[in-house]
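Novice: With the hints as constraints, model all of the structure from the sequences given.
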Amino acid sequence: MDQVYIILIGAGIITMLLALFIQRKSPADHTAAIQTSRSTDKADIEKNLQRLNKQFKQETALLSAEWQETRADLLREIEFLQKRVEQLEQQLDERVVVRETAAAVEAPPVKSAEPVSEQVDMLALRERYRRVFELSKEGLAPDEIAKRLGAGRGEIDLIFSLAQRNERGFADA
Numbered sequence: 050m051d052q053v054y055i056i057l058i059g060a061g062i063i064t065m066l067l068a069l070f071i072q073r074k075s076p077a078d079h080t081a082a083i084q085t086s087r088s089t090d091k092a093d094i095e096k097n098l099q100r101l102n103k104q105f106k107q108e109t110a111l112l113s114a115e116w117q118e119t120r121a122d123l124l125r126e127i128e129f130l131q132k133r134v135e136q137l138e139q140q141l142d143e144r145v146v147v148r149e150t151a152a153a154v155e156a157p158p159v160k161s162a163e164p165v166s167e168q169v170d171m172l173a174l175r176e177r178y179r180r181v182f183e184l185s186k187e188g189l190a191p192d193e194i195a196k197r198l199g200a201g202r203g204e205i206d207l208i209f210s211l212a213q214r215n216e217r218g219f220a221d222a
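Numbers given in our numbering equal positions in the sequence shown, counted from 1, plus 49.
Just so you know, not all the hints are guaranteed correct.
Claimed, not checked - Derived lysine to any residue pairs resembling SDA-like cross-links, with alpha carbons at most 25 Å apart:
1) K103 with I127
2) K132 with R120
3) K103 with A92
4) K186 with V154
5) K132 with Q117
6) K196 with R175
Said to hold, decoys possible - Ranges of calculated distance between the beta carbons of each label pair, as one might list FRET restraints:
7) Q213 with E135: 50 to 60 Å
8) I94 with T64: 50 to 60 Å
9) G201 with V146: 52 to 62 Å
10) T85 with Q117: 40 to 50 Å
None of these hints come from the bench; they were simulated from the model. Don't be surprised by glycine CBs; every beta carbon is placed ideally from N, CA and C.
Specialist: This is how it looks when you write it as structure tokens:
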């Protein structure tokens, strides 16, 4: 049994010595292998970069083409909508003209120009009175109301005094 141990120890020492000698020879071989590996890695990296560059250019061209197509579609849509708006405006103008002519035909003839101007004046006065009371409710003084409406202070005071007298008349009834 002792012989087996001695043989195993001897085989182990021989294996270690062989490994040591082989390792000393391999750095030169290893350097050459590394440089060869680097050359192939460089070539692979270069091919990959060229492939990625080509793919990037293709995708950029596709996106550009899609963008141009979308832009052209939008421009056509805008043009169509502008034409449609013009058509609708023309139809509206035509309808306004038709209504005005129909209203002029159906309206009774005016006997004199004075009642029409009197009605216009009454409407303007009512609007002016309404505006005076709105400004008063907003808290403006009579002087400020007169300035805003371009009226005299006396006119504003008269409107308020007539309104107060009118309110008293309704209160008595």
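Novice: If a hint holds in the structure, say so; if it doesn't, say that too.
Specialist: Hints and how they fare:
Under the criterion of a C-alpha separation no larger than 25 Å, the hint pairing K103 with I127 is inconsistent with the structure, at around 36 Å. Between the alpha carbons of K132 and R120 the distance comes to roughly 18 Å, so the proposed pair stays at or under 25 Å and holds. Straight-line distance between C-alpha atoms of K103 and A92 comes to about 16 Å, which keeps the hinted pair within the 25 Å bound. A hinted pair counts as satisfied when its Cα atoms are at most 25 Å apart, and K186 with V154 does not qualify at roughly 43 Å.
For the given pair, K132 sits about 23 Å from Q117 by alpha-carbon distance, which is consistent with the 25 Å threshold. At roughly 18 Å between alpha-carbon atoms, K196 and R175 fall within 25 Å of each other, so this suggested pair holds. Between Q213 and E135 the CB atoms are about 55 Å apart, so this pair conforms to the stated range of 50 to 60 Å. Against the hinted window of 50 to 60 Å, the Cβ-Cβ separation of I94 and T64 comes to about 40 Å, which falls outside the hint.
At roughly 42 Å, the beta carbons of G201 and V146 sit outside the given window of 52 to 62 Å. Checked against the hint of 40 to 50 Å, the pair T85 and Q117 passes, with Cβ atoms roughly 48 Å apart.
Hints 1, 4, 8 and 9 from the list above are not met by this structure, while the remaining hints are.
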